[in-house]
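**Student:** These are the residues of each chain, in order.
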Amino acid sequence: MMPDLGKYADAVLWSYAASLALLVALVVLSVLRGRKIRAEMEKVENRMTRNG
Amino acid sequence: MSIAAKANTLWEYANPRKFLATSERVLPVFWISSAICLVVGLIWGFFFTPDDYKQGSTVKIIYLHVPSALMAINCWLMMLVTSLVWLVRRHHVSALAARAAAPVGIVMTLIALATGAIWGQPMWGTWWAWDPRLTSFLILFLFYLGYVALWEAIEDSDTAADLTSVLCLVGSVFALLSRYAVNFWNQGLHQGASVMRAAAVTGADTEEKVSNIYFYPLLLCMIGFVLLFIALVLYRTGTEIRARRIKALLARERVSG
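Chains as they are written, first to last, in the numbering used here: chain B, 3 to 54; chain P, 386 to 642.
Honestly, the hints are just simulated from the structure, not real lab data. Treat the hints with care, as some may be off.
[Claimed, not checked] Quick list of in silico lysine to aspartate or glutamate cross-link-like pairs, EDC-like style, CA-CA up to 20 Å:
1. P:632 to B:47
2. P:632 to B:6
3. P:632 to B:42
4. P:632 to P:516
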């Protein structure tokens with residue numbers, strides 16, 4: 003159940019929303035770039051193995 | 386095991402293959418434990434702690450503001466150590482770890498600045514003041530941006546690592562100032578340390594301190610932020626190592642025709 007945040011509700015909720023959005027964005031972008039680079043490396047390695 | 390033997394074991398992780406193999410093994414532990422600590426700590430702090438008698442419900446911002454500020458400073462100190470390792474030992478993994486940590490530091494500093502401004506408005510009556518701690522934190526944020534920009538601006542990665550390491554040494558002054566500005570200049574709106582002060586936590590001094598009701602969930606959030614930072618830096622360092630390998634392979638391919 004949502005606690006009663008009184009007159010400071012906006013400040014508290016904005017703090018949580020902004021911080022969690024930034025943290026989630028950081029994790030998601032890091033993982034997406036990690037996957038992309040990993041796939042690219044495998045592609046280059048396979049190509050080099052094929053070409054000797 | 387002797388100290389020298391332990392140090393030699395540590396240097397083994399300068400080998401990219403060893404680093405990748407070990408980080409892949411330990412990463413799930415860090416991701417899961419950080420998620421547990423953060424979810425439990427934030428839910429505990431947000432839903433199950435009372436309002437402060439002076440600050441009302443804004444005290445709940447502490448669970449994000451303090452851990453992010455802690456990590457903003459310690460991230461730069463970690464970058465300082467890895468930059469020094471690069472300058473002295475020329476281990477590429479350490480330079481790449483510093484590069485990987487910088488965007489994490491930017492986000493931590495941004496969260497600390499944003500939550501500080503949102504908290505400051507109702508408590509101090511202003512979003513921003515040129516207070517020693519706030520100002521040194523803003524300069525630290527600008528140093529982070531400059532650090533990332535310098536890495537992106539220089540094509541040769543060894544030269545970039547050299548120059549960013551020197552920038553990191555210079556910026557360390559502001560990382561330390563962000564932590565101790567209140568002690569150096571006893572003025573401004575921002576309060577002094579009231580959480581990570583041993584005497585405040587144990588009750589050995591009579592200065593203002595954080596009540597244990599708020600301290601325990603805060604401690605859990607701080608542990609969660611530390612674990613998340615480690616997970617992110619390990620993961621992102623692995624990405625940087627692979628990106629460097631792609632560059633090396635493509636260069637070899639070009640040379641061989």
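**Student:** Compare the structure with each hint and give your call.
**Tutor:** Status of the hints after comparison with the structure:
no.: 1; hint: P:632 to B:47; verdict: holds, 11 Å
no.: 2; hint: P:632 to B:6; verdict: violated, 55 Å
no.: 3; hint: P:632 to B:42; verdict: holds, 11 Å
no.: 4; hint: P:632 to P:516; verdict: violated, 45 Å
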